[in-house]
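Here is how the chains run, residue by residue.
Number of protein chains: 2
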Amino acid sequence: MSSPTAAVLIIGNEILSGRTQDINLNYIANKLTAIGVRLAEARVVADIENDIVEAVNDLRKKYTYVFTTGGIGPTHDDITSDSIGKAFGRRVSENAEARARLEAHYAGATLNAARLRMARVPEGASLIENPVSAAPGFRLENVYVLAGVPNIMRAMLDSIIATLRHGPEIHSISVSGYVAESTVAEELEAIAKRYPMLDIGSYPWVRQARFGTALVVRGTDKASAEKAADEIFALVESKGGNPEREIIQPGA
Amino acid sequence: MSSPTAAVLIIGNEILSGRTQDINLNYIANKLTAIGVRLAEARVVADIENDIVEAVNDLRKKYTYVFTTGGIGPTHDDITSDSIGKAFGRRVSENAEARARLEAHYAGATLNAARLRMARVPEGASLIENPVSAAPGFRLENVYVLAGVPNIMRAMLDSIIATLRHGPEIHSISVSGYVAESTVAEELEAIAKRYPMLDIGSYPWVRQARFGTALVVRGTDKASAEKAADEIFALVESKGGNPEREIIQPGA
Numbered sequence: 001m002s003s004p005t006a007a008v009l010i011i012g013n014e015i016l017s018g019r020t021q022d023i024n025l026n027y028i029a030n031k032l033t034a035i036g037v038r039l040a041e042a043r044v045v046a047d048i049e050n051d052i053v054e055a056v057n058d059l060r061k062k063y064t065y066v067f068t069t070g071g072i073g074p075t076h077d078d079i080t081s082d083s084i085g086k087a088f089g090r091r092v093s094e095n096a097e098a099r100a101r102l103e104a105h106y107a108g109a110t111l112n113a114a115r116l117r118m119a120r121v122p123e124g125a126s127l128i129e130n131p132v133s134a135a136p137g138f139r140l141e142n143v144y145v146l147a148g149v150p151n152i153m154r155a156m157l158d159s160i161i162a163t164l165r166h167g168p169e170i171h172s173i174s175v176s177g178y179v180a181e182s183t184v185a186e187e188l189e190a191i192a193k194r195y196p197m198l199d200i201g202s203y204p205w206v207r208q209a210r211f212g213t214a215l216v217v218r219g220t221d222k223a224s225a226e227k228a229a230d231e232i233f234a235l236v237e238s239k240g241g242n243p244e245r246e247i248i249q250p251g252a
Numbered sequence: 001m002s003s004p005t006a007a008v009l010i011i012g013n014e015i016l017s018g019r020t021q022d023i024n025l026n027y028i029a030n031k032l033t034a035i036g037v038r039l040a041e042a043r044v045v046a047d048i049e050n051d052i053v054e055a056v057n058d059l060r061k062k063y064t065y066v067f068t069t070g071g072i073g074p075t076h077d078d079i080t081s082d083s084i085g086k087a088f089g090r091r092v093s094e095n096a097e098a099r100a101r102l103e104a105h106y107a108g109a110t111l112n113a114a115r116l117r118m119a120r121v122p123e124g125a126s127l128i129e130n131p132v133s134a135a136p137g138f139r140l141e142n143v144y145v146l147a148g149v150p151n152i153m154r155a156m157l158d159s160i161i162a163t164l165r166h167g168p169e170i171h172s173i174s175v176s177g178y179v180a181e182s183t184v185a186e187e188l189e190a191i192a193k194r195y196p197m198l199d200i201g202s203y204p205w206v207r208q209a210r211f212g213t214a215l216v217v218r219g220t221d222k223a224s225a226e227k228a229a230d231e232i233f234a235l236v237e238s239k240g241g242n243p244e245r246e247i248i249q250p251g252a
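Chains A and B, in that order, are what the protein sequence lines are. Under the working numbering, the first residue of the first sequence is numbered 1, with each subsequent residue one higher. Under the working numbering, the first residue of the second sequence is numbered 1, with each subsequent residue one higher.
So that you can see chain A by itself, here it is in the shape it has in the complex:
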């Protein structure tokens, strides 16, 4: 069974200037992993139309889904909607339903030109609900356009996640112990070769000046994942690494 694939496109000068630490990618990655969608690539681009258009057109051809974050607010630097329209060759215009949602949200206050800017979406797009601040995201074919503000992005993603094609469940087990990577690397490679259907990663860590390694087994075949984790556990134990085993539940 093949897994659906995805890319994330983070749009925003503030990430590339270092002003802002992105936390959206990690949230999306966990949610996708939890439903068996393989996140294959992520990109960060600036608020430059041509850069956004090129990235969107490259990614939407390569992967089942593309999720963009950022650039759908009311200010002049919010150019995602126009850029997506350009990428698809679609006119961008005011969406009646989006306008109605904004009118309901800003009831009594002025729906000025800046706020109405948030009702502009490419033609043919369907809206993605924003329970936090009304201004919707949208979907156009396989591209999902989400907010950049983390709590809004999360609400939007949560509202669409059930509509995505789920892949086979990915089982992920971590075996972590006080061993240097290089101490287990050779035997680990032998295990990885015996389980070509699994993805086995090695991640060193330091805790209170003691070195250790987390060895992470991932795959859709649960029995193989458990067997490989057993072998890795025995390997780390044989090196005096006092291993701990943990099932990773992404998006839990």
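In case anyone wonders, no lab produced these hints; they're calculated from the structure. No false leads were mixed into what you were given.
Dumping the calculated DSS-like pairs for lysine-lysine here, alpha-carbon to alpha-carbon at most 30 Å:
(1) A:K61 / B:K62
(2) A:K193 / A:K62
(3) A:K193 / B:K86
(4) A:K62 / B:K61
(5) A:K86 / A:K61
(6) A:K61 / B:K86
(7) A:K86 / B:K62
(8) A:K62 / B:K62
(9) B:K193 / A:K86
(10) B:K61 / A:K61
Since the structure of chain A is already known, use the hints to place chain B on it.
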């Protein structure tokens, strides 16, 4: 004066599965901004040779510098060195100086095959010092290959930053106040149009259930940046936003 440009390529399944929150991009972004190098793009790819090769070859042609993180350790999933070799069409072999550094670091302990793997670099590469754990990074033409472990990556970057071509200093001023983005958007756009040489961004925030916006002016022309910040300060004040002004010092 044109600014040198850069891309960051983050290599690692653990970022795309959601297991690990990347913090390297933000560090690199701040360091580059501080020396006037414009970080134009970032990508995250999996531990898949073809994906790494394609990304490296795309990015190294587009930008002055490329910085990769991850995949240079001793385990089977550390394939960055081989992938960079392939991208450049260079043979990857044991580097005598890298081996000597590892021998000095592991003095008395076994320099096993896994540890020696960390001495393999593409031919023609120059080494980047690793003061933490000896295993070096390397530079090949305009591509800098750094570790993924944050404290090692930082030490490596810090050791090369002075060797990079610096761009004109980027002046960055933040004006933050209790105003909704949409309240200032129209006047802000007018200001942005009067200062086309500046990058003016708008970033909403929430603090203790009160909404506000940070308006960030960035540019190499200090006088213009200060004048635009003055105008934005007056704008936020006129809306009752009680603004605060702050000079952003990236990488400080």
